[in-house]
Amino acid sequence: MAPGQKMYPRATVKKIVKAHSKCNVSKNADVMMFLDYVLFMQTLVKEAAIDAKQSGERGISARSVKKATADTLAKFKG
Amino acid sequence: MADSAPNNGRLAPLRTPQALATPNRRAISADPSSNRLSASARRNRPNTPHARAASRAIDQRRTALFTPGRVGRRRSIARERERETPRDLLRNLSRVLAPTSTALSSSSSSPGPNSNNDSTLQTLMEEGDDDDDFPIERPRFSLPLDRDDDDDSDLKPPRSSILEDDNYTAQSIELPRRAWSEMPPGRLDRGSFGSVRMSDYIGPEIADDDNDVGIDSGFFPPPALDDDTGGLAMDESAIFERMDEEARRQTMAGMDDFGPIEIPEMENESTFMMAPADSPTRDQTVTEGLEAQDEDPPQVEDYDDDGNEPFDIPGLQDEDDVDDDNNQELLETTIVSQAADLPAHRARRKKAGKKISRHGIEYPSLPQGVVKRLATTLAKTAGVGKAKISADTLDSLMQATDWFFEQLGDDLSAYAQHAGRKTIDESDMVMLMRRQRQTSTSTTPFALAQRHLPRELLQELRMAVPPKKIYRKRQSRQAEVEVEEEVT
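Chain order of the listed sequences is A and B. Numbering-wise (my numbering), the first sequence opens with residue 2 and increments by one. Numbering-wise (my numbering), the second sequence opens with residue 470 and increments by one.
Source of the hints: derived by calculation from the structure; they are not laboratory data. Among the hints, erroneous ones may be present.
Once the Cα atoms are required to be at most 25 Å apart in a straight line, the calculated PhoX-like pairs of lysine-lysine come out as [what the hints assert, rightly or not]:
id: 1; chain 1: A; residue 1: K28; chain 2: A; residue 2: K78
id: 2; chain 1: B; residue 1: K857; chain 2: A; residue 2: K19
id: 3; chain 1: B; residue 1: K823; chain 2: A; residue 2: K15
id: 4; chain 1: A; residue 1: K15; chain 2: A; residue 2: K28
id: 5; chain 1: A; residue 1: K16; chain 2: B; residue 2: K891
id: 6; chain 1: A; residue 1: K23; chain 2: B; residue 2: K891
id: 7; chain 1: A; residue 1: K78; chain 2: A; residue 2: K47
id: 8; chain 1: A; residue 1: K47; chain 2: A; residue 2: K28
id: 9; chain 1: B; residue 1: K841; chain 2: B; residue 2: K857
id: 10; chain 1: A; residue 1: K47; chain 2: B; residue 2: K857
id: 11; chain 1: A; residue 1: K23; chain 2: B; residue 2: K824
id: 12; chain 1: B; residue 1: K823; chain 2: A; residue 2: K28
From a predicted model like this one, the values you see are computed outputs, not experimental measurements.
Please model the complete structure; the sequences and the hints are all you need to start from.
Written as structure tokens, this is what we have:
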């Protein structure tokens, strides 16, 4: 990430998690959540890239992302 | 005394090496800086042959490392090493003894290259005999080991029978141990609204087809319009079954991005109802018109029977043509309007951001720009050739994002409730990341944050996390204990 960019909408992340968990989110926990999300996306994109490369595509297609989604989500099941 | 003097004289040369050795040591102790200049200077003179050889080897290795022409250097070292092997000693001996001895013709199966090189009379004779006796090629008595290199392609590499999948992580090993409810399919069923095409359930892809074909694809309401009880009822029942399967999750279906469930309702009330209603009739007219063009005389006769003016045959044809043109134009306009309607419709569907969680709380999804930027950066680091993210890919990434946050929320709420809290804390997040195998004793969450997050967020993390500090203290204590043990 380039410095100076707005990284992510913190309020939105908080709202999302709050809606899903029906719990309050403490003040700075959302940073960790976003960190976890970044790690998730990293894994997902990596898996999708591997899959795309195996099926001989250039770039990442939606199909490979969908294929990788299930595995990656299972991996990030706490 | 007379004996002692020669004894001294004998002893003196024995002492001299020590006397020679001492200044060396003294020099080391006196000014070590001068001796550390080069490795050869620092080295004590080795006394035993083994030590000498070892030191020479070390020197050679060092020079091989530091000289630019490494390869040649290595070769020379290898040559030197070869020179010292006992085999070479034996070869030298044989060279010395060779002129006086006669070469033995080998009686074994394969005459080696050495005997051929000798090219003595006997071997020549033998070869001639062999040729006479065995017109067939001599069988090999050894295994054809050399050929294996050529036939490598036939040999399949050994494959493990267990982990044929792509990810060989601890998680994948762990997966079979997990509960059924946590397996990926269940995971998908729960969150999915059929938009993941891994199931055989056919969702919006047909909408794409429809967009391409324009009219005739027969998925959208035409069956529903023709007979309301038939096709649509089937479809609806299938869809409702699917919704019943995911009864755990009660998110509003119509709110989702590309849920197929909304298709009957939405499309019925909007553009798609019009298309099939118009298309069959217009199609027929077009074909009729074409038929009319092909078979002009009978049609004209028909028109004549109808009582139109008989002399306007060309005019009639023209009118037909005009009608055809009009029809085609109309068709084209309808197609165009549909095509124009569809993307707008989709865009509207995509934009509908608010979804409802299973607790009945509305939530937005993460903005697409953030996801796209993040994915692009990560794709660049993952080494994808074309790091651009297409719209479809972005859609599926958004879907994955939604599912991820849903899963995250569920897990975190479980942890918080287990701890008897109503608030999700940082400790829950630390716990979650440890269970995800993202952090371990070697990688702290703070190190991960340092790697992935910008500095502003990092500062907040640093201010924020007390449980992690405790964790670290425990680690450092353990390390101290280990150090103490090592010391004692």
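For K23 (chain A) and K824 (chain B), compute the direct alpha-carbon distance and say whether it is at most 25 Å.
15 Å, holds
With a cut-off of 25 Å on the C-alpha distance, tell me whether K823 (chain B) and K28 (chain A) pass.
24 Å, holds
Quick one, are K823 (chain B) and K15 (chain A) close enough, alpha carbons at most 25 Å?
15 Å, holds
Has the given pair, K841 (chain B) with K857 (chain B), been kept, meaning a C-alpha gap of at most 25 Å?
At roughly 9 Å apart (the allowed maximum being 25 Å), K857 (chain B) and K841 (chain B) satisfy the hint.
Assess, step by step, whether the Cα of K28 (chain A) is no farther than 25 Å from the Cα of K78 (chain A), and give holds or violated.
23 Å, holds
Verify the proposed pairing of K47 (chain A) with K857 (chain B), using a straight-line Cα cut of 25 Å.
Roughly 14 Å separates the two Cα atoms, so the pair holds.
Take the C-alpha atoms of K23 (chain A) and K891 (chain B), compute the straight-line distance between them, and say whether it is at most 25 Å.
Satisfied, since the Cα-Cα distance of roughly 9 Å is no more than 25 Å.
Run the distance test for K47 (chain A) versus K28 (chain A): straight-line Cα separation, threshold 25 Å.
31 Å, violated
Does the alpha-carbon distance linking K15 (chain A) and K28 (chain A) stay inside the 25 Å limit?
9 Å, holds
Do the alpha carbons of K78 (chain A) and K47 (chain A) lie within 25 Å of each other, as the hint requires?
Given that 25 Å is the threshold and the Cα spacing comes to 18 Å, the pair holds.
Given the proposed pairing of K16 (chain A) with K891 (chain B), does the C-alpha separation stay at or below 25 Å?
15 Å, holds
Under the criterion that the straight-line Cα-Cα distance not exceed 25 Å, is the pair K857 (chain B), K19 (chain A) satisfied?
32 Å, violated
Violated hints, listed in ascending order, are 2 and 8; each of the other numbered hints is respected by the structure.
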